[in-house]
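Undergrad: Quick mapping for you: the protein sequence lines, in order, are chains H and C. If you read the first sequence in the numbering used here, its first letter stands for residue 1, the second for the next number, and so on. If you read the second sequence in the numbering used here, its first letter stands for residue 1, the second for the next number, and so on.
Quick caveat, the hints were computed from the structure, so don't treat them as lab data. Note that beta-carbon positions come from the ideal geometry of N, C-alpha and C, so glycine has one too. A hint or two may mislead.
[Unchecked claim] Okay, the calculated beta carbon distance ranges per label pair:
| # | chain 1 | residue 1 | chain 2 | residue 2 | range |
| --- | --- | --- | --- | --- | --- |
| 1 | C | 273 | H | 50 | 48 to 56 Å |
| 2 | H | 147 | C | 266 | 47 to 55 Å |
| 3 | H | 61 | C | 57 | 57 to 65 Å |
| 4 | H | 22 | C | 109 | 53 to 61 Å |
| 5 | C | 125 | H | 238 | 37 to 45 Å |
| 6 | H | 147 | C | 125 | 45 to 53 Å |
| 7 | H | 233 | C | 229 | 16 to 24 Å |
| 8 | H | 265 | C | 79 | 53 to 61 Å |
| 9 | H | 275 | C | 249 | 19 to 27 Å |
| 10 | H | 238 | C | 77 | 31 to 39 Å |
Number of protein chains: 2
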Amino acid sequence: MASPVFSASGHLVAIGGAEDRSSDLEILKKVFSLIPEGNQVVAVIATASGIPDQVLPEYQAAFSRLGASQVHELKIRDRQEAADADTVRLIEQSGLIFFTGGDQLRLTNVLGGSPVLTAIRQRLQEGAVVAGTSAGAAAMPGTMIYNGAAADALRKGAVNLTFGLNFVDDLIIDSHFLERGRFTRLMEVGASNPEHLGVGLGEDAAVIIHPHGILEAIGPGHVILIDSRDLASSNIADLAMGEPVAVEHMILHALVSGHGFDIEARRYLVPHELSAILAENR
Amino acid sequence: MASPVFSASGHLVAIGGAEDRSSDLEILKKVFSLIPEGNQVVAVIATASGIPDQVLPEYQAAFSRLGASQVHELKIRDRQEAADADTVRLIEQSGLIFFTGGDQLRLTNVLGGSPVLTAIRQRLQEGAVVAGTSAGAAAMPGTMIYNGAAADALRKGAVNLTFGLNFVDDLIIDSHFLERGRFTRLMEVGASNPEHLGVGLGEDAAVIIHPHGILEAIGPGHVILIDSRDLASSNIADLAMGEPVAVEHMILHALVSGHGFDIEARRYLVPHELSAILAENR
Chain H
1 MASPVFSASG
11 HLVAIGGAED
21 RSSDLEILKK
31 VFSLIPEGNQ
41 VVAVIATASG
51 IPDQVLPEYQ
61 AAFSRLGASQ
71 VHELKIRDRQ
81 EAADADTVRL
91 IEQSGLIFFT
101 GGDQLRLTNV
111 LGGSPVLTAI
121 RQRLQEGAVV
131 AGTSAGAAAM
141 PGTMIYNGAA
151 ADALRKGAVN
161 LTFGLNFVDD
171 LIIDSHFLER
181 GRFTRLMEVG
191 ASNPEHLGVG
201 LGEDAAVIIH
211 PHGILEAIGP
221 GHVILIDSRD
231 LASSNIADLA
241 MGEPVAVEHM
251 ILHALVSGHG
261 FDIEARRYLV
271 PHELSAILAE
281 NR
Chain C
1 MASPVFSASG
11 HLVAIGGAED
21 RSSDLEILKK
31 VFSLIPEGNQ
41 VVAVIATASG
51 IPDQVLPEYQ
61 AAFSRLGASQ
71 VHELKIRDRQ
81 EAADADTVRL
91 IEQSGLIFFT
101 GGDQLRLTNV
111 LGGSPVLTAI
121 RQRLQEGAVV
131 AGTSAGAAAM
141 PGTMIYNGAA
151 ADALRKGAVN
161 LTFGLNFVDD
171 LIIDSHFLER
181 GRFTRLMEVG
191 ASNPEHLGVG
201 LGEDAAVIIH
211 PHGILEAIGP
221 GHVILIDSRD
231 LASSNIADLA
241 MGEPVAVEHM
251 ILHALVSGHG
261 FDIEARRYLV
271 PHELSAILAE
281 NR
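Work the whole structure out from these sequences, hints included.
TA: Encoded structure:
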């Protein structure tokens, strides 16, 4: 799965949290529209959530309203359940697999290396949509942030990283990004290794990660990109843990709905450029 | 005063708020050390503050500890007091004029066009130090931010600007920057006019603005710079008020103590470069 540019047949959608689930459903509607024809079965995985009995019915209602033929409510609380053959079968039948918010470490701890995760990756390869909000978005890359107070970040070691679900490997994703002022978290990660694009998702904002590594912003909010590839200098390697990190030259973009970005080329795409590229790749 | 590059003989010091006032005094010590020889009189102006009787004694104690020969505690609550001849005389005798935090709009509303402000500008031209923390820092440029929730910023019109005290005109200054996640406020200003450098001061962090427009970061915290001059595109002019602003290509730096920046050349200065330039201009 981890390729230099995202290459699955299906679509990944990373949502910054607090997406509208009861009114216009702008983002969820777009997610649902990406499902390949002929399979409108949705699986909602609430593993990350501490309140699955509250969130699962919300998504059940939203996706039913959007026309889902079935919505499987999957709590998957532990590794036994993540190996359950019936659950694997439900995943295999689903055109959209949706991860709720909560704690991304619970998500990876329960699902890492499990038959359910293997089935989800397989479905993504085959063309299904994999979407997630908040923790469910942060956990998507090969490496994820699972902790780090924004106010203390940009001090060596303040941000905690570990392996993610590895649906995509060219980026690092953070959620609730503008609302919780998390710019410094992605700056610290970028200073530690400038190769991976930082994607900061605002609330009620999302990116579709199209095949060929084209990002498309959707929703009413912002998607912030922090591109460290041309980082000129940083003191990070010379510091003791906790000392403040200096950063010379990162590039900052703010995408709104309809704007895009080519991950490999590191190129911002204004709406007409994005449309042309998506049409070309269709 | 408003010149393309800061050209007074004295030093401006903009502090991000919550600087240490009772322990190591790292920033205040540096501010005090910039006072030209032979005049260690300090004037502390608490106009911005809602609690002048609490903050003035703190600065009285700190600057006395640092060796001030006198510390004038100036509340200056209204425009009558801002025109007071005795107060003007105290300013004229001071080697350091220090603005406390509080509300920058109170600061400009009370001091704008006043004899006290004229005297402060004159002292800066003559070589005195003018320093300010939080609101006292934000108010220093020709144009200042006085309001705008960080979580809602980067939506057209979310950030409110007005005239500042006009000690320097090449930048826009924001305080409590990392702690309150204010990146989007400077991004919105940068999108509206990319000419002016955005300076985001973290708490217990500061910049010295040296003659010739050389910035020097001091203190334990971070100074974030958002440079929009090479902005490639933005939709801001086409939006209705409240709509989300797209931004293509701003440059982001994080300075720590000893690092600098040349405003006119838009050049990051690592410590040995900064030292060389400061030595040259001495």
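Undergrad: Against each hint, give a clear statement of whether it holds in the structure.
TA: Hints, verified against the model:
The hinted range of 48 to 56 Å is satisfied by residue 273 (chain C) and residue 50 (chain H), whose Cβ atoms lie roughly 50 Å apart. A C-beta distance of roughly 35 Å is found between residue 147 (chain H) and residue 266 (chain C), which places it outside the suggested range of 47 to 55 Å. Remark: the range hint 57 to 65 Å for residue 61 (chain H) to residue 57 (chain C) is upheld by a beta-carbon distance near 59 Å. Checked against the hint of 53 to 61 Å, the C-beta distance between residue 22 (chain H) and residue 109 (chain C) comes to roughly 44 Å, which is inconsistent with it.
At about 40 Å, the beta-carbon gap between residue 125 (chain C) and residue 238 (chain H) stays in the expected band of 37 to 45 Å. Restraint check, residue 147 (chain H) to residue 125 (chain C): a C-beta distance of roughly 50 Å satisfies the suggested window 45 to 53 Å. For the pair residue 233 (chain H) and residue 229 (chain C), the beta carbons lie near 20 Å from each other, so the given range of 16 to 24 Å is met. Against the hinted window of 53 to 61 Å, the Cβ-Cβ separation of residue 265 (chain H) and residue 79 (chain C) comes to about 57 Å, which satisfies the hint.
Between residue 275 (chain H) and residue 249 (chain C) the Cβ separation comes to about 20 Å, which falls inside the hinted range of 19 to 27 Å. Checking the proposed 31 to 39 Å range against residue 238 (chain H) and residue 77 (chain C) shows it is violated: the Cβ atoms sit about 48 Å from each other.
Violated hints, in rising order: 2, 4, 10; the structure is consistent with all others.
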